[in-house]
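Trainee: Below, each chain spelled out in residue letters.
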Amino acid sequence: MRRLHWAASLFMGLAAVVVLMPIVVVSAAALNGGRSMAFPPENPTFDRFVEFFVSEPVWTTALWNSIVISVSAAALSVLIAWPVAYWLWRANDGLSKVLAGLAAMPFALPPIVFGVGLGFLWSFTGALGQMWAGVLSLAALFAALPLVTISIGLQSIDKALLEAAATMGATEGVSFRTIVLPQTIPYTMSGFFFALVLSFNEFIVMFFVSSSSYATVTLQIFNSLRNGFTPTMAVAAITFITVSVVAFSLVARFGDLPRLMGADTTRR
Amino acid sequence: MPDLVLSDIRKDFGAFRAVDRVDLTFAHGELTALLGPSGCGKTTLLRMIAGLEEPSGGTIRLGETDLTGTPPHARKFGMVFQNFALFPHLNVADNVCYALTIAGTPTARARARAGELLDLVQLADFGQRRIGELSGGQRQRVAIARALAQEPEVFLLDEPMSALDAKLREEMQVELRLLQQRLKITTIVVTHDQREAMTMADRIVVMSQGRCEQVGSPQEIYHRPANGFVASFIGRANFMSGRVRNGAVQVAGWTLQAVPAPAFIDGSQVTLALRPEKARLGADLPVGNRLPATVTFLRDVGATRDIHLDTPAGPMVVEEVTDRGTGLHVGAQTQVYLPPDALHLFPAEPVAA
Amino acid sequence: MSVETADPPMAPPDVDRGPGLSGYFMVRIAFCVAVAALCLLPFLMVIAISFGEKVEGAGWHFAFDLTNYRRFFVGADWPNSTSTLYLQKLGWSIYYAVIASVIAVVSAFPFTYFLTRLTRKAQTLWLVFLLSSLSLSEVFIVMGWDILLSARSGLPMVFQETGLTQWLKDMGWFDTLRDWGLASPRNVKFKTSVFATVLTMSYLVWPYAVILLYPALSRLDPSLIEAARTMGARPWTVIRTVVIPSVKLALIGTVLLLFVFLLGTYVAVTVFAAPAQQTLAVSIYEAVRGATLNAPFGSAQAVVLLVTAVILLVIGQKLSTAGGKG
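Protein chains in written order, with this note's numbering: chain A, 1 to 268; chain B, 269 to 621; chain C, 622 to 947.
Among the clues, some could well be false.
[What the hints assert, rightly or not] From the structure, some residues in chain B lie toward chain A, with a derived Cβ separation under 10 Å:
| no. | residue |
| --- | --- |
| 1 | 354 |
| 2 | 411 |
| 3 | 415 |
| 4 | 571 |
Hints in this document: simulated from the structure, not taken from any laboratory. Ideal placement from N, C-alpha and C gives every residue a C-beta, glycine not left out.
Given only the sequences and the hints, what does the whole structure look like? Please build it.
Mentor: And the structure:
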């Protein structure tokens, strides 16, 4: 079964072309000399890149906000997910299942509803428009991702290893530090990168919780939707695609991506 | 050094009683094998000794110290797990000095100790290897070295040979026994393999359905099984049922003598057990204790030959040494002699498969 | 919630189980409360505010008032007149989501099947590619399709230049496209249309479909397929009689999850759907932060969307546990 039928390969190739098509078009549009998103680009130039990364404060501020918020949110989502996943793994009792269900809920339900609710929550607590509230919101939205990857990592630990450590004098804390943590680092990192990339790209929840007092890159694009897209936005798209590819390549490099995605481990 | 004493130990998993009122004393420096079929409670008993399971009742004491409620990390009994449970993220030396490292032993001392132990298990040059690079036998040696690093008072092994292939298993049994005798450490091995138990143990505890059926030396257990279960589980045995009459046993209308004479009330139902190699066939047999037999099947297994017989008391297997063969063929009529001192009598009861 | 609350399981519960335990327990409770507050409270507030009352301007106050739900289901002016405007919006939400998720799953299924037959290394490369496109923000994807479908550049221009438009006219199919609203008098036209909306939405979730189908298909025992082949089944028969039945639940579950995901799509709908064919998500946005500013009514619409999503997730859960037992 290793060699695919030519028709199967053709189908996969075609799918790749369709997936790539809008991405390629957007990337090319970034080269437009004018303000309009023409394809193929008119008067090709790299000026839009300079605008996005250097000269336009609107975009440089937004990019910096995107980076700060998504990195913090991803780190925080890992910190929320770890205790939940660990508790679920050790105890697997009713309370830990409820907690895991709660942590996964925002990701499973339509984000616009969660965004509206968070908007109400933060305006009640007076934190609406604060950047840390945005970080907390995205961390809650994406905690489900590290929760899943860390749980997969914990399940891959043979419980006999913990018993062996206990017979050698390790308390729960020591075996956590010396056995559990080192073996789950790749899974924790994967969860972090998943949350990072998705927070980086998120805008609808950010829209409701930022209350126009700050903007991330995607939110900035979302806000200027009615005025149409501009080639500078296409530069943002290229940046974001690059970040995603790098992040997931890192996950693939340091972790077992097929296993994380649920492939059968007994087959190669 | 003190003995390990279990008194009235029980373990229930819900309604299922895995270990039922076990009283055992493990003498210092002895190797004891817990032997029984799968599901007999031997592993649960071992895990309770290690502290990995909490007994539902009873006490575990080491000398004067009551260990019943002590968590495993405070007991620090070294244990070798069935699949060895080596830490895949640590190399061989780090695995071996794990107990020392977490106890805060200076690195240089821990390293030196790991070196000594790896030397002891003949893996001196393997310290820097990753666990994934080791063969099954090497992994087992690392697991043994690791469990011994903390100089445990009791050394526990849970089916330590089950992950090894047959040839390696026999070598490791001898090697482990020699190591244990050298270190004079109280050792408990769980196994379902009677050859393994016989090879290594000073004492064997035969278990079935959560209870101890018999405790004794390998020779006692083999030659004087306490009941039908032990007779059938240790080695092979032919079983017959009979009834006690006037100090002898009536089996299918034939009278058989047994030595020592049966201590049963006249008329009670008994089970007789006989090892295949104790029965004799052919001419010039002693008078009495004989049954007519027809040969139904012959099975040559190298040094010995199994002769399957049909007798009035039921089917029977006789083992004879091949080069002193009787030259029987399938369908031959013969006589089988059952020596009185080789017949074991038990109250009639169900017998293990 | 703070960084410290993430610590409890890492801090060992003391061996002597003394006073340390109650401290550990308190930290644990605090963590649970914080997670619940962050993950559950927003949904509860939406539900609470949906019963609230709008006051002049953009304000509102708490109440227990069913006006918002009445307006949603039968219109504000009921019983004098009945309006199903918002039910229609819900209808459009479901309509787009159903078609787009079915299209995505149907096309992702063979792709995923082929993907799982590749070597582990090739699978990893494909997964990096798919995950990158999956995580790409809706705004960028809509941007790409907007260029591709716009009349000035992209596909309509390609149709014109390659003579495909002329060919369609010659064949008489152009008029059919005009009937479907996919052509102007001179050339094909994709914006605004149901076609463009559904296309973009299924593109949005297509990588998700692959990722969700991947576990089931990659755990499919190849010896089942080989066994069927030795019994004389042709490849297509194998797929029909062995592969599809064994991943049936995964297929249904994936459609349901994608459907829930698509219920909240916002950007694709605002850009590609005609004003009369827009969805509840757009209307929620307008009510909460956009032009109409009526937070309680926006919340009521959000609750309806939420209930729709929860019902489908529960059905999916029921199906998968029933399948697990069988």
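Trainee: Any CB of chain A closer than 10 Å to the CB of residue 415(B)?
Mentor: holds (7 Å)
Trainee: Interface hint check: residue 571(B), Cβ to nearest Cβ on chain A, cutoff 10 Å. Holds or violated?
Mentor: Result: violated, 40 Å to nearest chain A Cβ.
Trainee: Using 10 Å as the Cβ threshold, decide whether residue 354(B) counts as touching chain A.
Mentor: holds (8 Å)
Trainee: Checking hints one by one. Is residue 411(B) an interface residue toward chain A, by the C-beta closer than 10 Å rule?
Mentor: holds (8 Å)
In summary, the structure is inconsistent with hint 4 from the numbered list given earlier, while agreeing with all the others.
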